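Could you build all of it, start to finish, from the sequences and the hints given here?
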Amino acid sequence: MLPNPLCSVLICTYNRSALLRLTLESLCVQSLDRDKFETIIIDDGSTDETAKVVESFGGRMQIRYEYQRNSGIASARNHGLFLARGNIALFQDDDDIANPELVSEHLRTHALHPEDEVAVLGHTNLTEALAQDPLMHYVTMVDQYLYSYPSIRHGQVLGFSHFWGGRSSCKRKLLLERGVFNPVFRFGCEDIELAFRLSRSGFRVVYNARAISTTFRLISFDDFCNRLFRQGRSGWIFSRMHRDPEVQSWAGVDQVAEWESLKPRYDRLVGAARKADATVRAKRKLDLATDADRPPLFDAYRAAFRASKIKGFAEQAREQEEMRSPGSTTRSAVSATDRGGVNLATAGMIEPTAASSEFR
Amino acid sequence: MSTETRGRVLVLGAYFTNRESWIVHLRSEFRRSRKWEVDQRWIALGESIPSELADVTAAASAGTPKFILINRLLALVNLAEYQHVIVSDDDISLPERFVDDYLGLVEQHDFSLAQPARTHDSYTDHHFVSQLLGIRARQTRFVEIGPLFSIRADALALLTPFDVESPMGWGYDFVWPVEMHRAGRKMGIIDSCPIAHTLRKPVANYSWHAAHEQMTALLAKHAHLEPLDAFQIVKSFA
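First to last, the protein sequences are chains A and B. Note that this note's numbering numbers the first sequence so that position 360 is 360, with each residue one more than the last. Note that this note's numbering numbers the second sequence so that position 215 is 215, with each residue one more than the last.
FYI, nobody ran anything at the bench for these hints, they're computed from the structure. A quick note: this is a predicted structure, and the numbers were derived from the prediction, not measured. Built from N, CA and C at the ideal position, the CB exists for glycine as well. Errors might be hidden in some of the hints.
[As the list claims (entries may be wrong)] Simulated DEER-style distance windows between Cβ atoms:
{"#": "1", "chain 1": "B", "residue 1": "A75", "chain 2": "A", "residue 2": "K52", "range": "49 to 57 Å"}
{"#": "2", "chain 1": "A", "residue 1": "D143", "chain 2": "B", "residue 2": "E96", "range": "18 to 26 Å"}
{"#": "3", "chain 1": "B", "residue 1": "E20", "chain 2": "A", "residue 2": "R108", "range": "46 to 54 Å"}
{"#": "4", "chain 1": "B", "residue 1": "E96", "chain 2": "A", "residue 2": "R324", "range": "24 to 32 Å"}
{"#": "5", "chain 1": "A", "residue 1": "A51", "chain 2": "B", "residue 2": "R97", "range": "27 to 35 Å"}
{"#": "6", "chain 1": "B", "residue 1": "R97", "chain 2": "A", "residue 2": "R69", "range": "17 to 25 Å"}
{"#": "7", "chain 1": "B", "residue 1": "E107", "chain 2": "A", "residue 2": "P100", "range": "30 to 38 Å"}
{"#": "8", "chain 1": "A", "residue 1": "E117", "chain 2": "B", "residue 2": "H222", "range": "26 to 34 Å"}
{"#": "9", "chain 1": "A", "residue 1": "S261", "chain 2": "B", "residue 2": "V24", "range": "49 to 57 Å"}
{"#": "10", "chain 1": "B", "residue 1": "R97", "chain 2": "A", "residue 2": "Q248", "range": "38 to 46 Å"}
{"#": "11", "chain 1": "B", "residue 1": "H222", "chain 2": "A", "residue 2": "K52", "range": "40 to 48 Å"}
Listed below in structure tokens is the structure:
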């Protein structure tokens with residue numbers, strides 16, 4: 001067996017073989033010697049060419065592939081963590097291209113901060129094309145639903161809410177000893193919830209703006225609404241697990257009270273934003289100016305995305321309430337899994353990842 | 001013995017007589033196997049043997065560490081008659097068809113030493129043994145000393161009798177992978193039939209410090225893995 005690498009790059013993936021190929025290509029040209037890191041692919045039930053793509057990289061890097069039935073990102077990350085041999089576990093998304101210095105930069109920051117409790121957050125850029133996209137610009141630079149880099153600086157020490165999966169690394173020892181991802185989270189909050197638990201014993205995150213990866217997958221308007229809906233569901237679960245005021249504030253679940261007034265308008269809000277998004281895209285294709293369209297478009301995005309997240313809170317809250325109610329068949333079904341399967345009774349289940357094209 | 005079964009399994013364990021336990025459930029579930037003839041030999045941790053459990057209880061004993069008791073039970077039987085030995089605590093809950101499903105996967109994956117994963121609501125000392133969703137089993141470099149593990153016949157001579165230098169078993173699980181590797185045997189965790197360890201907190205009934213000192217002494221004398229090397233999956237099976 002080869003000596004243990006310094007770093008294990010863990011990539012969870014689901015039916016994104018074409019994107020994964022580009023991600024793996026970027027890991028083949030790291031400045032760090034290839035015997036110093038390994039790449040582990042956890043295939044969360046893909047039905048596409050993922051296995052073949054990974055196999056094609058066999059001679060070019062230390063790479064390992066393991067398959068699991070679709071179980072969500074938290075389970076996949078735990079699976080990867082237990083497969084890892086490196087002292088540093090770097091969680092990388094399957095649709096991000098690694099800068100050649102990415103792994104070295106993560107290791108450099110860990111060398112500066114060898115304490116077990118210190119994790120590292122890298123920086124994720126958008127490709128030039130994505131940066132021009134109105135929705136991607138809005139979600140990364142305006143209201144920062146996706147990352148919030150404009151508000152942090154290189155070297156800053158950050159709290160639990162900045163342990164962003166897919167661009168963060170930590171000491172493997174810390175997770176093995178203190179806690180792993182909670183598998184109830186199939187999408188969203190799995191990283192922040194773990195970091196919150198670890199923060200009770202000093203966990204913190206150092207931001208390294210030079211540990212760069214570049215995301216190249218365009219997220220559509222409807223995908224983003226779905227993403228926020230699912231994050232809302234996860235956020236609700238997170239807020240019920242930990243009644244700490246920091247968690248309540250981060251999750252923003254107090255907005256759930258607005259759902260009753262939003263509900264009758266939800267489809268119209270989303271429809272209006274979808275239409276505005278399509279209009280601006282059509283104008284861009286024709287090289288027409290869209291500067292004046294941006295403020296109202298962003299207002300429309302803001303309303304639709306906010307409503308989608310609140311909808312997620314509300315639906316999760318309703319389902320959990322139904323599970324708790326006497327005589328509920330859902331409650332019985334969950335209880336029946338307690339001895340033989342996963343106990344999700346305290347948190348409620350989230351819909352299967354496979355139901356969505358969205359993984360991250 | 002029925003000619004239909006795949007062989008004989010020996011279940012060894014100890015149960016408290018003065019604390020809540022799931023011994024009745026365990027006795028019943030172990031008996032339910034359709035594929036194995038299961039013999040149970042338990043020790044009652046108390047002054048006397050409860051009459052309702054006399055059929056599976058070999059002796060009563062109070063205040064004796066777990067693996068000294070298990071060694072005593074091992075000495076009472078002809079191990080050559082058994083294909084598997086299961087060592088169980090009394091505070092776990094088993095899924096239905098546990099013996100058949102669990103040992104089926106143990107045999108399928110050729111594990112000489114194995115344990116079921118723990119449900120996510122279980123008390124857990126090592127996160128590594130929590131159930132991984134999406135896989136049925138994993139070959140590992142770690143099998144924990146409890147609350148339930150199994151040894152296949154081919155590894156019994158290797159691992160038993162248990163080293164009573166650490167009579168609560170602490171440290172065995174870091175020595176076992178070295179011994180198993182030297183002998184060319186596989187070990188692993190079965191994820192698809194997890195057990196719930198929710199009734200009592202571990203180390204609630206003995207001294208953490210004493211057990212830790214005993215572990216330190218044991219590890220000083222035996223080749224062993226460090227936790228970071230032990231908590232690794234060799235191969236997953238979906």
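* Asked: If you check the beta carbons of R97 (chain B) and Q248 (chain A), does the distance land in 38 to 46 Å?
  -> Because 43 Å falls inside the window, the suggested range holds.
* **S261 (chain A) paired with V24 (chain B), Cβ distance criterion 49 to 57 Å** => 54 Å, holds
* Taking the CB of R97 (chain B) and the CB of R69 (chain A), does the distance hold inside 17 to 25 Å? -> Distance hint for R97 (chain B), R69 (chain A) holds at roughly 20 Å.
* Would you say the C-beta atoms of A51 (chain A) and R97 (chain B) sit inside 27 to 35 Å of each other? -> Roughly 31 Å apart at Cβ, these two residues keep to the hinted range, so it holds.
* Using the C-beta atoms of E117 (chain A) and H222 (chain B), is the stated range 26 to 34 Å upheld? -> 31 Å, holds
* To do: Take the C-beta atom of H222 (chain B) and the C-beta atom of K52 (chain A), compute their distance, and say whether it sits inside 40 to 48 Å.
  => 44 Å, holds
* Pairwise beta carbon distance, E20 (chain B) to R108 (chain A), judged against the given window 46 to 54 Å -> Between E20 (chain B) and R108 (chain A), where Cβ atoms are some 53 Å apart, the hint holds.
* With 18 to 26 Å as the target window, see if D143 (chain A) and E96 (chain B) comply at their CB atoms. => About 50 Å separates the Cβ atoms of D143 (chain A) and E96 (chain B), which means 18 to 26 Å is violated.
* In this structure, is the beta-carbon distance linking E96 (chain B) and R324 (chain A) contained in 24 to 32 Å? -> Distance hint for E96 (chain B), R324 (chain A) holds at roughly 25 Å.
* Asked: Taking the beta carbons of E107 (chain B) and P100 (chain A), is their distance inside 30 to 38 Å?
  -> About 48 Å separates the Cβ atoms of E107 (chain B) and P100 (chain A), which means 30 to 38 Å is violated.
* **Assessment of proposed distance window 49 to 57 Å (beta carbons of A75 (chain B), K52 (chain A))** => Holds, at about 55 Å.
The structure is inconsistent with the numbered hints 2, 7, although it conforms to all the rest.
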